[in-house]
Amino acid sequence: DTHYIGEAWLSSLLQADAEMNYNISKATFKANSTLDWHKHTTPQVLIVLEGKGYYQERGKEPIVMQKGDVIKCNKDVEHWHTSTKESDVTYLAIYGGTQPTIWGDKLTQEYYNSVAQKLKLKN
Numbered sequence: 098d099t100h101y102i103g104e105a106w107l108s109s110l111l112q113a114d115a116e117m118n119y120n121i122s123k124a125t126f127k128a129n130s131t132l133d134w135h136k137h138t139t140p141q142v143l144i145v146l147e148g149k150g151y152y153q154e155r156g157k158e159p160i161v162m163q164k165g166d167v168i169k170c171n172k173d174v175e176h177w178h179t180s181t182k183e184s185d186v187t188y189l190a191i192y193g194g195t196q197p198t199i200w201g202d203k204l205t206q207e208y209y210n211s212v213a214q215k216l217k218l219k220n
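Residue numbers (the working numbering): 98 to 220.
For the record, the hints were derived by calculation from the structure and aren't laboratory data.
Just so you know, even glycine gets a beta-carbon here, dropped at the ideal spot from N, CA and C.
Among these hints, one or two may not hold up.
Listed next, the in silico BS3-like pairs over lysine-lysine satisfying Cα-Cα at most 25 Å (straight line) [unchecked claim]:
| id | residue 1 | residue 2 |
| --- | --- | --- |
| 1 | 164 | 217 |
| 2 | 157 | 172 |
| 3 | 203 | 127 |
| 4 | 169 | 157 |
| 5 | 219 | 172 |
| 6 | 127 | 215 |
| 7 | 164 | 182 |
| 8 | 219 | 169 |
Computed beta-carbon distance windows for the label pairs [unchecked claim]:
| id | residue 1 | residue 2 | range |
| --- | --- | --- | --- |
| 9 | 114 | 203 | 29 to 37 Å |
| 10 | 155 | 214 | 18 to 26 Å |
| 11 | 100 | 217 | 21 to 29 Å |
| 12 | 210 | 166 | 17 to 25 Å |
From just these sequences and the hints, can you work out the full model?
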């Protein structure tokens, strides 16, 4: 099952094992791509390496994340993160444990477009 719209690349840099109980993945999303709502059973940290993206937790306002930002998401908090309409984004995702990502609702293109419009008006 595909959990994104557009173009995305994900590479695992470190997988949790008995000695190191955390994962590090590098993700790149081309501009105007989406990633579905999801959550993790442990906290997650995103470190933005290049570009700009959107980040939103369920029940909170979306924000723009950009190169140098460190985003902390508590365990079991549903969220999404991806590129902006105009910019690719590359980030490291760090989270613990061996449990897979728990996928939630589809992030529709319509909702993504409304977030882009809202954040464009704010800036």
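Decide if the proposed pair is consistent with the structure: residue 219 and residue 172, CA atoms, cutoff 25 Å inclusive. 29 Å, violated
Does residue 219 pair with residue 169 here, judged by a C-alpha cut-off of 25 Å? Holds - the C-alpha atoms of residue 169 and residue 219 are around 22 Å apart, at most 25 Å.
Within 29 to 37 Å or not, the Cβ separation of residue 114 and residue 203? 32 Å, holds
The hint says 21 to 29 Å between residue 100 and residue 217; measuring C-beta to C-beta, is that right? 25 Å, holds
Are the Cα positions of residue 164 and residue 182 separated by 25 Å at most? Measuring from Cα to Cα gives roughly 16 Å; hence the hint holds.
Hinted pair, alpha-carbon criterion (25 Å max): residue 169, residue 157. Please report holds or violated. Given pair residue 169, residue 157 holds - Cα atoms ~14 Å apart, limit 25 Å.
Take a look at whether the Cβ-Cβ distance between residue 210 and residue 166 falls inside 17 to 25 Å. 23 Å, holds
Satisfaction of the hinted span 18 to 26 Å by the C-beta atoms belonging to residue 155 and residue 214: With Cβ atoms ~20 Å apart, the hint holds.
Satisfaction of hint between residue 215 and residue 127, Cα-Cα up to 25 Å: 20 Å, holds
Checking one constraint from the list: CA of residue 164 to CA of residue 217, max 25 Å. Satisfied? 18 Å, holds
Check the hint pairing residue 157 with residue 172 against an upper bound of 25 Å on the C-alpha distance. OK: residue 157 and residue 172 at ~16 Å, within 25 Å.
Starting from residue 203, check that the Cα of residue 127 is at most 25 Å away, please. Cα-Cα ~18 Å, so holds.
Hint violations for this structure: number 5 only, all remaining hints satisfied.
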